[in-house]
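Chemist: The chain contents come next:
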Amino acid sequence: MSIFTAMRKLFIYSEPKIHNLGFELLEGDDEGALQPPDQTRANQAKQDAQNSGLNNNEMSKGNKNAIKPLGVSEWNKSRKGDGENQKLNPSQTQNKNQAQNDTISNDLSYSLNVLKEKFGLPKNEDIVFRKFKIGKKLDCFMIYVEGMIDKSSINLSMLPTLMSKDILEDMGKQSPVDFLIETVIPVHNLKKESLYGECIKQVLSGASVLFVEGCTECIVMETRGYEKRSVESPKTEMVVMGAQEAFTENLRTNLTLVRRILKTQKLVTELIPAGDINNTMCAILYLDGVASPRVVQEVIKRIKSIKTDLIIGSGMVEQFIEDRPLMLFPQVLSTERPDRTASFIMDGQVVIITEGAPFSMAVPVTFFRLLHTSEDSFTRWPFGTFLRLLRLFGLFCATLLPGLYVAMVMFHPEMLPTELLASIVKSKELVPFPTLLEVLIMEIAFELIREGGIRIPSIIGQTLGIVGALILGQADSVGRPGKPHACDNRFGHGIGKFRYPKLQHGSCYKNREILFYNCRRLFGLFWNSFCHIYFRVHYLQYEVFWYSFPDACGT
Amino acid sequence: MGINEGKFGVQEAVSLAAISMSTKIFFTSPAFLTNYVGNAGWQMTIISAIISIIVFSFVYILLKRFPGKDIIQIYDISFGRLIGFIFSFVFAAAFLESAAMLLREFVDVIKVYVYRETPPDILIWTVVIAAVLSSFLGLETLARISKLTAYIMLVTYFILLLLAIPQYNPTNLFPFFGYGIDKTLIHGIRRSSAYGEVMILTVFAGSLQGTGYIKKAGFISLVFSCLILTLGLLAFSMAYPYETTQELIAPVYVLARGIKYGTFFQRLDPIFLFLWIFASHIAISILFYCAVSCYSKIFRLSDLRPLIGPMAVLLYTLAMLPRDFASVIEGNVHALREYGWVIFYVLPLITLIVAVIRKKKGGTQNA
Amino acid sequence: MRRILALILILSCLPALTACYDALEVDDWAYVYTMGVDKGISNKLRITVQLPTMKSSGGGIEGGGQSSTGSENKDFVVISLDCPTFYTGVNMINSSLSRKINYSHSKYFVVSEDIAKEGMGNLMSAFVRDRQIRRTMHMIVVKGKTSDFIKEINPVLGTALSKTQEGMMNMEKVNGFFDDNDLGSFIDDIKSHKIQPVSVLAAINDFSNYKKEGQPTDEIKSAGDYYAGELPRNDGNKTEYLGTAIFNAGKMVGEFNGDETRALLMIKGEYETGSYVIHDPYNSKLLDTIIVSQQKKPDIKIDFKKEGKPDIEVKVFLEGEIQALQSTVNYESMEYKPILENKVEAFLKEQIDKSISKALALNSDVFGFGEKASMKFSTIQDWEEYKWLEKFKDSSVKTEVQFVIRRTGTLIKTNPTKDGKQ
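Residue numbers (full-length UniProt numbering), protein chains in the order written: chain V, 1 to 555; chain G, 1 to 367; chain U, 1 to 422.
Don't read these hints as lab results, they were simulated from the structure. Treat the hints loosely; a few may be bogus.
To be verified - To give an idea of the interface, some chain V residues facing chain G are shown, with a C-beta separation under 8 angstroms as derived from the structure:
hint : residue
1    : Ala-6
2    : Phe-11
3    : Ile-12
4    : Tyr-13
5    : Val-231
6    : Ser-233
7    : Arg-260
8    : Glu-414
9    : Met-415
10   : Thr-418
Said to hold, decoys possible - Think about it this way: if two alpha-carbon atoms lie no more than 27 angstroms apart in a straight line, the pair counts; the simulated DSS-like pairs of lysine-lysine are:
hint : chain 1 : residue 1 : chain 2 : residue 2
11   : G       : Lys-111   : U       : Lys-100
12   : V       : Lys-118   : V       : Lys-235
13   : U       : Lys-376   : G       : Lys-183
Since the structure is predicted, the reported quantities are computational estimates derived from the model, not experimental observations. Ideal placement from N, C-alpha and C gives every residue a C-beta, glycine not left out.
Turn these sequences into a full structure, and let the hints steer you where they fit.
Modeler: Written out as structure tokens, the structure reads:
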């Protein structure tokens with residue numbers, strides 16, 4: 001009988017069984033990103049439970065005995081929740097309850113002590129604690145960082161108003177803080193705050209904070225006034241026609257520059273601090289309803305999950321949020337032009353502007369986007385199209401020319417026109433280096449001069465320029481000791497490379513090109529093509545924020 | 001269940017199938033078939049294409065009976081596990097052999113014309129590694145690569161044919177029917193295996209959005225490949241008399257070598273070498289992946305990546321197996337082109353008949 | 001993914017540790033510009049290769065100019081060697097040459113007349129197998145010794161030999177005195193059942209036909225009525241490319257002179273342009289020069305009415321321009337133009353008939369009538385059975401020339417000169 005069944009099984013078809021494991025670790029969609037920051041643990045746990053419950057139902061219709069899955073966030077929470085709490089404790093001497101909550105005490109002197117201790121006074125001489133009495137009655141103190149506030153507004157309007165004699169006369173039974181906010185303080189933008197930690201952050205970013213006796217809240221006043229660079233014309237992305245404004249290092253200014261172009265209420269700016277210690281603000285700009293919510297969430301999530309002490313500028317953020325660190329292409333598109341940024345936002349990309357660097361970054365990025373400049377759309381279409389094609393050609397030269405030269409000379413001399421071949425051979429006769437070395441020497445010389453040109457202080461920069469021109473020019477024009485052909489292609493290559501709107505993109509091609517050298521040296525065009533294929537694979541497999549990187553070429 | 005191979009559209013499917021079908025034009029078989037049909041090779045390939053289109057419509061009927069299923073599952077459903085296994089296994093083996101023979105042909109042609117001193121191992125390994133890499137990255141990436149490259153290759157191919165116009169002499173196409181219309185017809189039917197690679201679409205059936213798309217992709221890719229092969233055959237039949245074509249290893253490459261416009265634009269074949277390398281690399285990768293995919297589907301494996309390494313070794317071995325170039329051309333490639341249709345066309349047709357008789361139908365539950 | 005990328009990088013570096021098999025520096029090759037085959041004396045063949053020495057004399061490219069004034073052997077070296085076959089010969093040459101010989105840049109393949117007459121089908125078949133041999137090389141048959149001929153290939157104008165060689169072959173389009181056939185089509189034609197191969201006929205002109213002293217003559221000889229090496233010429237290149245070698249099944253059977261070659265090209269439809277001298281219709285002592293060029297491809301009709309004997313009808317369409325008129329008849333006008341045209345037609349028909357009858361006598365279908373004839377057959381078996389190339393000699397050929405004078409140069413009228421004879 002069993003033999004018969006076995007035989008029968010060979011001739012009939014049965015659906016393959018679905019083997020469900022008893023335990024599944026679900027990665028919730030909302031991992032971190034969706035949760036409002038102040039949500040309590042209990043709430044979150046509950047929600048997670050609901051979510052996973054739903055998932056569970058969907059997932060295992062036929063498998064009811066499955067153990068309830070555990071969300072990753074939940075799992076993490078339960079594992080290290082306690083440890084984190086303990087870390088937050090500012091000081092052992094303080095009232096445990098207060099310290100844990102980090103809420104402001106109604107005891108002014110206590111608050112003063114806490115803050116002094118946190119700021120490391122008296123060693124830290126930057127922080128100013130200004131004690132005074134509001135309306136000569138109410139004890140209070142103001143805290144700010146010297147140099148980061150607008151002195152005149154404090155000196156001329158804030159202190160005189162607060163210290164004038166009769167301002168507290170109208171105060172009824174309401175909290176002094178509310179009273180002050182509503183009727184007294186002449187500052188355009190202020191808010192209440194009830195946590196020390198937040199206060200400290202605000203103070204460090206240039207606000208001044210007012211603590212009032214008997215209140216568990218403080219007033220954070222927008223009195224920023226530090227030195228900053230004014231808006232200047234772009235340095236790396238110059239255009240002939242079009243706007244001549246560039247971002248500065250100041251986040252607020254940058255946001256203003258963008259907002260001035262996009263006058264729509266749909267433009268959302270979310271501010272997220274990044275960097276564990278220096279708390280650099282990252283602004284995430286997107287057009288509500290146009291940008292993909294998935295990308296927005298992902299960007300927020302990635303920025304929040306940056307675990308590093310120091311973030312200075314967008315370049316660092318870029319490296320923390322990119323999809324693939326080994327990809328040779330840049331995965332965000334950075335620009336220093338507000339108009340370009342605005343056009344990215346309008347296209348539905350999410351833009352990240354980081355405090356401290358005059359660049360914005362747009363994600364997701366596609367390959368052809370990297371080749372565009374803002375001027376393309378300012379010029380009339382025939383010229384604009386020509387420019388883009390020219391750039392594409394430059395890209396071709398930058399990546400292929402040196403390798404092609406090596407391949408032709410070393411593997412396929414039959415491909416060269418005979419006269420050209422004769423002149424190459426004649427000039428090669430006097431060069432003691434093999435072709436590859438010759439090209440590499442030129443390459444390195446070029447790179448050295450380029451690097452030196454950027455780094456060397458401008459006072460001696462001129463000397464370098466002259467020396468550089470001499471070295472390369474000597475090799476090129478004199479011809480006798482040199483390698484005119486390698487040189488020609490070197491220059492075509494160098495110039496082609498800087499046709500890129502984006503230096504970074506150029507550097508990607510640099511790596512790629514070195515790869516190509518190697519390959520060409522090995523097998524000429526054969527390997528060359530293979531390298532191409534590998535590269536194409538490399539390039540095509542990528543998805544940047546779920547969008548296929550080579551999107552624009554239709555693949 | 002099974003592997004998640006991702007989804008792609010009709011364009012990708014067309015380029016996958018068309019590249020794997022039409023890469024042969026670059027190698028030995030077009031010249032070899034002039035031994036049988038003379039200068040009427042282009043007629044022969046049209047006949048082959050028509051046959052293939054007819055067969056493919058039957059295969060489409062088969063696929064329509066089992067929506068969402070690929071050919072391996074269909075074999076299983078129609079015949080049960082044992083015979084289904086045999087059928088599927090033969091299918092997988094045929095794909096692997098096609099890949100291996102294309103690889104060997106490619107390497108030998110490259111070695112003859114371009115890299116005479118490079119050991120074939122290195123050339124073969126280069127291609128195998130490329131195939132392995134692209135298989136690792138999955139079908140979706142492969143489809144994207146082939147689509148992007150397909151356009152470039154198509155343009156280059158037509159540029160090549162256009163540049164060769166001065167070499168064409170239309171009287172070389174006469175006597176019009178080559179060695180006789182009967183021979184053309186017979187060889188056209190036999191050599192319809194040239195289009196057998198269209199069956200990769202049935203293996204990837206699950207990755208296309210629906211059976212209607214398979215039909216579309218299949219027919220378009222067949223017509224495209226027919227166009228490419230016909231134009232290629234027409235081009236070199238016009239360029240050289242049949243007496244010469246029979247001698248050449250890779251007539252299209254010779255065509256590229258013959259391009260000459262003045263003293264500067266001549267000897268351009270290394271530029272067109274790109275076309276050869278791109279086309280064969282992608283075709284080999286596709287066929288290799290297809291074999292791996294078939295194999296993993298036969299055993300209902302949930303991941304095909306562990307198979308890639310061993311299969312690559314197998315591919316290499318198969319490619320190295322023929323002793324010499326003569327046995328590649330006259331033995332393996334010839335056998336594959338002459339009798340490949342038994343595997344690629346007859347098996348699915350038998351399946352269709354059996355499925356109709358046994359009243360097997362799929363698609364009630366979509367996996 | 002990381003691992004894969006690392007793999008790519010490692011793999012791309014890995015072969016760097018091994019050798020680069022096919023890589024050779026560009027100056028490790030010796031590029032052959034001309035290769036020649038002679039009958040050998042101490043061995044079967046005598047091969048000759050011409051190599052540029054690639055010495056950058058003086059200052060690079062400009063310096064080349066100086067060297068051309070100096071001795072000619074400085075820029076090129078010609079090596080001759082007796083050997084059993086061509087490629088073994090190349091190996092033998094490399095025992096004295098430090099660079100590997102590469103013939104992918106060769107321009108000319110030169111064969112001596114003796115070899116051509118003995119039959120060179122097998123030689124050529126063997127020769128073309130190498131990958132460096134390109135079908136685009138020019139095929140030349142030389143009267144006399146190849147080794148001597150190759151020594152004389154030197155750029156008289158300019159410095160680049162390769163340019164000179166390519167440029168020389170382009171002269172077919174200027175004077176139509178030789179039929180430039182590349183190696184590829186030569187071999188195709190050797191094997192084809194439709195057409196017989198031809199090749200450029202060349203020779204050394206030792207300037208002996210140029211008589212420094214002698215009686216001035218009134219005798220008129222047509223410009224193309226010479227074979228290679230016969231031009232009464234004084235200076236310039238010693239090499240001369242004029243006329244066509246006619247083959248039958250790989251064996252050289254005859255020669256066409258310049259005029260016959262022009263007729264050959266006209267029938268093939270490859271004729272570009274060339275000047276003809278005609279006796280004036282009214283005064284045969286005066287000579288008129290007409291530029292003749294092909295209007296469209298000739299119309300060739302072939303019938304097999306008579307018992308297997310082909311009936312060929314050729315209609316050649318030519319057009320032209322008056323280049324020089326010695327007569328004062330107003331041929332530019334509608335009235336007289338047909339007279340001149342008819343004269344040219346008759347003259348050209350005579351030329352064409354002459355070369356066709358020569359080809360028929362040699363039984364060599366160099367005109368490619370067989371290509372048209374094959375259209376009448378439906379299968380290759382029928383065609384090969386018919387044996388066109390054997391039956392060509394039996395065919396009757398009818399020719400017709402259509403000639404139109406399209407333009408008359410810069411003048412539209414010729415007035416008589418005043419002090420001419422009354």
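Chemist: Would the stated hint for V/Arg-260 survive a check requiring a Cβ distance to chain G of less than 8 angstroms?
Modeler: violated, 40 angstroms
Chemist: Does the closest beta carbon of chain G sit nearer than 8 angstroms to the beta carbon of V/Glu-414?
Modeler: holds, 5 angstroms
Chemist: Taking the closest Cβ pair, is V/Val-231 under 8 angstroms from chain G?
Modeler: Because about 42 angstroms separates V/Val-231 from the closest Cβ in chain G, which is outside the 8 angstroms limit, the hint is violated.
Chemist: Hint validation: V/Thr-418 versus chain G, beta carbon distance must be below 8 angstroms. Holds or violated?
Modeler: holds, 7 angstroms
Chemist: The hint names V/Ser-233 as touching chain G; please verify it with the least Cβ-Cβ distance against 8 angstroms.
Modeler: violated, 39 angstroms
Chemist: Any CB of chain G closer than 8 angstroms to the CB of V/Phe-11?
Modeler: holds, 3 angstroms
Chemist: Does the closest beta carbon of chain G sit nearer than 8 angstroms to the beta carbon of V/Ile-12?
Modeler: Constraint on V/Ile-12 satisfied, holds at 5 angstroms.
Chemist: For the hint on V/Ala-6, does the least C-beta distance to chain G fall short of 8 angstroms?
Modeler: Since the shortest Cβ distance to chain G is 11 angstroms, the answer is violated.
Chemist: With 8 angstroms as the cut and Cβ atoms as the points, is V/Tyr-13 at the interface with chain G?
Modeler: Hint on V/Tyr-13: holds, closest Cβ of chain G at ~4 angstroms, below 8 angstroms.
Chemist: What's the verdict on G/Lys-111 and U/Lys-100, does the C-alpha distance respect the 27 angstroms limit or exceed it?
Modeler: holds, 19 angstroms
Chemist: Holds or violated: U/Lys-376 and G/Lys-183, Cα atoms, limit 27 angstroms.
Modeler: holds, 19 angstroms
Chemist: Return the status of the interface hint for V/Met-415: holds when the least beta-carbon distance to chain G is below 8 angstroms, violated otherwise.
Modeler: holds, 5 angstroms
Consistency with the previously given hints fails for numbers 1, 5, 6, 7 and 12, ordered from lowest to highest.
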